[in-house]
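Q: Using the sequences and the accompanying hints, generate a full structural model.
There are 2 protein chains.
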Amino acid sequence: MSLSLVETVSRRIIGLTRTSRRLPTERDMSAKFGVSRSVVREAAKRLELQGLLEIRQGSGMTVVDKLHKPLNGALSLLVPDEPQRLKQLIEVRLALEPENVRLAAERATAADVKALTACHERFEATSTFEEQVEADMAFHCLLAEASGNKIAALLIQSLSELLQTSLKHGYSRVTKDLAVADHAKILKAILARSPTAAAKAMRTHLEHARTDLGL
Amino acid sequence: MSLSLVETVSRRIIGLTRTSRRLPTERDMSAKFGVSRSVVREAAKRLELQGLLEIRQGSGMTVVDKLHKPLNGALSLLVPDEPQRLKQLIEVRLALEPENVRLAAERATAADVKALTACHERFEATSTFEEQVEADMAFHCLLAEASGNKIAALLIQSLSELLQTSLKHGYSRVTKDLAVADHAKILKAILARSPTAAAKAMRTHLEHARTDLGL
DNA sequence: TATTGGGAATTGGTCTGACCAATTCTCCCA
DNA sequence: TGGGAGAATTGGTCAGACCAATTCCCAATA
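Keeping their order, the protein sequence lines are chains C and A.
In my numbering, each number is its position in the first sequence, counted from 1, plus 47.
In my numbering, each number is its position in the second sequence, counted from 1, plus 47.
Errors might be hidden in some of the hints.
Which copy is meant is left open, because identical chains are indistinguishable; a pair holds if it fits in one copy or across any two.
What the hints assert, rightly or not - Keeping only pairs whose Cα atoms sit at most 27 Å apart, straight-line, the calculated DSSO-like set for lysine-lysine is:
| no. | residue 1 | residue 2 |
| --- | --- | --- |
| 1 | K232 | K113 |
| 2 | K113 | K134 |
| 3 | K79 | K197 |
| 4 | K232 | K161 |
| 5 | K232 | K197 |
| 6 | K197 | K113 |
| 7 | K134 | K116 |
| 8 | K92 | K113 |
Quick caveat, the hints were computed from the structure, so don't treat them as lab data.
A: And the structure:
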């Protein structure tokens with residue numbers, strides 16, 4: 048069973064994404080690969096759905112790195128009900144994130160720590176709810192990156208985006224200061240290279256978040 | 048900003064997937080929706096990539112329920128190196144699965160328990176490595192289902208399939224009996240409605256698995 | 001000289017119809 | 001009744017035309 052043309056062209060386009068932020072046009076790639084424009088379209092659309100490209104009519108194709116996007120789509124389809132999805136998202140984070148920060152306490156690089164610290168300071172300075180959610184989620188994503196586990200990082204990125212989307216509908220934060228304090232404890236534990244303290248602080252933080260959201 | 052035709056047709060096709068296991072042909076849907084065949088193709092291809100359809104040349108389109116597939120694809124692209132991916136998969140499972148079985152101990156239905164028991168017995172009866180891996184992974188997927196958290200279930204399904212794919216390359220099991228005993232302990236803890244014991248048993252099991260794989 | 005607006009060019013989105021490749025169905029023969 | 005061959009069906013690819021969104025370029029005005 049040989050590869051379909053679309054699959055073959057998809058792989059060739061992935062090769063192109065490795066060397067340039069902008070891709071040739073559909074027509075150019077069609078000529079270059081010796082296939083019809085519809086095959087190029089299908090291949091490109093596949094890569095768009097996989098989070099590797101962004102395609103704009105009249106503008107062309109940009110290479111992006113959003114491999115978590117497919118999971119966003121899948122989870123939205125899986126649990127269409129938003130409150131229910133929010134509840135399950137929190138549960139999964141309660142599983143994943145303590146372990147992430149435990150690993151982060153062991154593995155975080157100087158660059159990780161620097162990014163986390165900067166993000167934490169940014170969070171402290173936020174004023175609108177939207178800014179708070181964004182900075183909060185960004186901190187969590189950086190923690191997952193610091194774990195050194197790419198799969199965990201992708202999962203958290205997806206979960207965080209879905210959470211952000213859900214939180215845009217009908218929620219408000221009354222306890223930002225508590226979250227800031229929680230994050231500080233997590234960061235402190237990581238700086239101290241104390242996995243157990245980091246995991247404990249994260250559990251506490253997520254339970255606070257769960258309470259905050261009335262779940 | 049209005050929906051593209053492809054997006055609109057995708058949604059209409061999703062509607063069709065709710066009522067039938069087989070879909071009309073591209074040509075039929077093209078006529079029915081009043082759009083060109085290429086739009087129907089793109090819409091159908093999107094749903095295929097999302098794990099909702101299987102499309103066969105000459106045969107047509109079958110509705111499936113494989114929402115975890117997009118994540119499989121994403122993770123394969125994210126961590127192309129198989130040993131590295133295996134390592135990270137185990138780490139993520141070490142985070143997710145103890146929490147899954149903790150919830151399962153609280154929430155498992157009679158049907159969950161029945162399915163787990165049957166799966167466990169099937170695992171005991173396996174002889175080839177391939178059968179063992181399949182039954183092992185099936186047990187884990189059922190545990191995640193029993194947690195009542197659909198998101199967790201999807202994640203475990205994806206991780207399990209990727210694990211299975213990886214294990215097809217150059218691994219062999221020398222400690223099936225240990226795995227069977229581990230599973231029995233997990234099942235027993237769930238039957239006893241003991242979340243703490245279940246989580247502990249799962250951690251032990253996964254550490255055994257990690258050792259087994261030499262990671 | 002710099003900025004803005006309008007029109008042309010470019011790029012993706014959709015359409016149509018033709019033809020190719022894989023699967024299924026039907027009919028006929030042993 | 002079962003198997004094989006050919007026809008029909010279904011998805012995969014091609015080519016070219018046209019539509020819709022964006023970018024680019026040039027000219028006019030401040």
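Q: Decide, hint by hint, whether the structure agrees.
A: We went through each hint and held it up to the structure:
Taking the closest pair of Cα atoms, K232 and K113 never come within 27 Å of each other, the shortest separation being 30 Å inside a single copy and 40 Å across copies. Taking identical chains as interchangeable, the C-alpha atoms of K113 and K134 lie at most 27 Å apart whether they share a chain (24 Å) or sit on different chains (22 Å). Taking the shortest Cα distances, K79 and K197 never come within 27 Å of each other, neither inside one copy (34 Å) nor across copies (44 Å). Taking identical chains as interchangeable, the C-alpha atoms of K232 and K161 lie at most 27 Å apart only when both belong to the same chain, with a minimum of 16 Å there against 44 Å between chains.
Proximity of K232 and K197 under a CA criterion of 27 Å is satisfied intra-copy only: 24 Å inside one chain copy versus 31 Å between copies. Proximity of K197 to K113 under the C-alpha cut-off of 27 Å is found in both arrangements, the shortest distances being 13 Å within a copy and 23 Å between copies. Proximity of K134 and K116 under a CA criterion of 27 Å is satisfied in both settings, with 20 Å inside one chain copy and 23 Å between copies. With identical chains, the CA atoms of K92 and K113 are at most 27 Å apart both within one copy (14 Å) and between copies (20 Å).
Hints 1, 3 from the list above are not met by this structure, while the remaining hints are.
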